[in-house]
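Single-letter residue listing:
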Amino acid sequence: MSHGPDSAYGFPEWLPLEPVPAGSTVIVAGPAFSNVEELTESMVGGGTREGEGALFIATNETCTKLLESCRRTVPGLDRSRVGVIDCSGQDIGRSVSNVQVKYVSTQSDLTGIGMKFSALYESLYGAVEGGRVRTGLISLSSLSMYVDLRKLFQFAQTLSGRIDSAGGLGAFTIDPATHEPRTVNTLSQVADARIDVREPEGDADGELRIRGLDGQPSGWQPFTLPSARAD
Amino acid sequence: MARRILCVDPDDDARTETVDALRAEFEAPGPSIEIVTAGTVAEADAALTTDTAAVVTEYTLPDGTGFDVITAARDTCPDAGCVLYTDVDPDTIATDELRGAITEYVGKGSAFGAERLTGLVRTTVETKPQTTYPVPQTEAERLAALRSYDLDSEDDGRDSEDDGLDSEDDGRDSEDDGLDSEDDGLDSEGLVSSLERITDVAAAYFDADQASVNIIGEHSQDFLACYGDAEGWEAMDREDSICTFTILEDRGVMTVEDVTEDPRFESRSETLLEMGIHAYVGANLVTPAGLAIGSLCVYDDEPRSFSPADEAYLRDLAAVAMELIELRTGPAAADGGRR
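As given, the protein sequences belong to chains Z and F, one line each in that order. For the first sequence, the tail end lands on 231 under this note's numbering, and the numbers increase by one without skipping. For the second sequence, the tail end lands on 339 under this note's numbering, and the numbers increase by one without skipping.
Excised from the complex, chain Z in its bound form:
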């Protein structure tokens, strides 16, 4: 399946989302246990099944844990198209088969995370058809424990600028319950749209609602992941 550089990014069949225009960044907001991170893994990793690149910035989770989770949330993940910036400070230098990994020793080093993100983005951009790369930042909330809001805003906006400039897709997660509304509102301004995630009322793994983009389903939509992590 091939896509031109400017065509919209579609999502796996299990997500109630219509394609999102190239160059967009979306904030994915939800509390712990709402499967917000698993949803983001699906949104970003799902593209590798169609030949796109997936770049994860894993802030507080090791690359190994992230890939383990992706095995459940993205069946058919093509690891050869995956890049990970591991900022967990653990497992530094450990090689992970088939996946490009760069390590940053601490989440407070936004300079290092940003530069390694750019370098890895470039590498994936050159390796995949049409330069189509999706970026998942998991999570802004974790980074906010290490740096002040203004630095974090600058970092997140620089990432979304890079994604915009390269015609990519970005999904940045945040847990609104751990921040003041002013913080969430400020960080949300780096994005074109916002997906809110909440715990489901029925059997689904979660419910999502997307705002800020045309042509998307309106209201809360239940979603079920192939095999969610939450118990």
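It should be emphasised that the hints constitute simulated quantities derived from the structure, not laboratory data. Incorrect hints may appear among the rest.
Rough simulated footprint, nothing fancy, chain F against chain Z, three-plus residues with beta-carbon under 8 Å [claimed, not checked]:
| hint | region |
| --- | --- |
| 1 | 114-122 |
| 2 | 150-160 |
| 3 | 164-170 |
| 4 | 177-187 |
If we take Cβ atoms under 8 Å as the criterion, some of the chain Z residues that face chain F in the derived model are [as the list claims (entries may be wrong)]:
| hint | residue |
| --- | --- |
| 5 | PRO31 |
| 6 | LYS102 |
| 7 | ASP109 |
| 8 | LEU110 |
| 9 | THR111 |
Negatives, chain F to chain Z, calculated, CB over 12 Å [claimed, not checked]:
| hint | residue |
| --- | --- |
| 10 | ASP12 |
| 11 | THR16 |
| 12 | PHE26 |
| 13 | ASP75 |
| 14 | GLU126 |
| 15 | VAL201 |
| 16 | MET236 |
| 17 | GLU274 |
| 18 | HIS278 |
| 19 | THR287 |
| 20 | ALA312 |
| 21 | ALA319 |
The structure presented is a predicted model; accordingly, all values stated were derived computationally and were not measured. Glycine included, every Cβ here is placed at the ideal spot set by N, Cα and C.
Based on these hints, arrange chain F on the given structure of chain Z.
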């Protein structure tokens, strides 16, 4: 208004190649761009001005590194986007010396290097992604509206160091637009004294020691009329201004009960407290087209709260201030044959 791109590379051929690629990118119609060059940290330092929009720098320089250039840029032109354009592998660069400052990175040797660089510099110049504050979605229209009121808000006398440079485009110093003439423009004497009466009234209502009418330009906040110690304030970088957040407010008014407790301002609260700003209320100066060009603000040196009635009062007063600006300087005044 010319925007400056600074290109720093000690290698003459590489620098020329980069400049040529950037020039080709910006040849298409758009904001006028001036490209200046430097080969060392010292030359780069001298070439930075407040209107530098982007800095493209090698990492290895004869008298330091690209990080020294980026550090200097963050000081002189904090809104500028910085791009490290180098062969050096980011894994081998110790990033802690930048202490969290953000830079883009593009590998010079990569097959996509030059193409990615020019696209990224274009995005950087057009959307300012490396600012530490959000800008309104209507920023371009907002700045155009501000210019229509005849104040070049960037012309605050701070960028006087743009001399002796390796400039590749002459004539840029003529951008004053002839704005600050004595009898029109936002800082005309008559308008300022009218606005000062408004700041007096606002300060009296809130029983506060300081109040001001501020204009938010592209990179700076200018104080148009002030009451109290605010009279001694000079233009400040936009990233340090509270009002740059106020102009984002749909409600047209914003309060900060305690700057030390607000996540948006806590990292700058020391400077704000030194200015006597512990609590803040600001209401926007909104043009007839709905664009906020600045704010009417009141500052308290103690933490305090503001009631909905307080907010409504200040919003009304800001509307009066805007009417005065319209009458004295706006497009309507020009149409009325004042000039």
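Confirm or reject: THR287 (chain F) is not an interface residue toward chain Z, with every Cβ-Cβ distance exceeding 12 Å. Holds: least Cβ distance 22 Å, greater than 12 Å.
Does the no-contact call for VAL201 (chain F) survive, Cβ to all of chain Z over 12 Å? At about 29 Å from chain Z, VAL201 (chain F) clears the 12 Å cut-off, so the statement holds.
At a Cβ distance under 8 Å, does chain F reach at least three residues of the region 177-187 of chain Z? Holds, because 5 residues of the region 177-187 of chain Z bring their Cβ atoms closer than 8 Å to Cβ atoms of chain F.
Are all beta-carbon distances from ALA312 (chain F) to chain Z longer than 12 Å? holds, 21 Å
Decide, holds or violated, for the assertion that all CB atoms of chain Z are farther than 12 Å from the CB of ASP12 (chain F). It holds; ASP12 (chain F) is separated from chain Z by about 25 Å at its closest Cβ, greater than 12 Å.
Hint PRO31 (chain Z) vs chain F: min CB-CB distance below 8 Å? violated, 19 Å
Evaluation of the interface hint that places ASP109 (chain Z) against chain F, nearest CB under 8 Å: This hint holds: ASP109 (chain Z) lies near chain F, its Cβ roughly 6 Å from the closest one there, short of 8 Å.
Does LEU110 (chain Z) hold up as a contact with chain F if the rule is Cβ-Cβ below 8 Å? Status holds, d = 5 Å.
Are three or more residues of the region 114-122 of chain Z within 8 Å, CB to CB, of chain F? With 6 residues close enough to chain F, the hint holds.
Quick one: work out the minimum CB distance from ALA319 (chain F) to chain Z and report holds if it exceeds 12 Å, violated otherwise. holds, 25 Å
Taking 8 Å as the limit, does the beta-carbon of LYS102 (chain Z) come near enough to a beta-carbon in chain F? Since chain F brings a Cβ to about 7 Å from LYS102 (chain Z), closer than 8 Å, the hint holds.
Does PHE26 (chain F) clear chain Z by more than 12 Å, comparing its Cβ with all Cβ atoms of that chain? holds, 15 Å
Checked against the numbered hints given earlier, this structure breaks hints 5 and 14; the rest are met.
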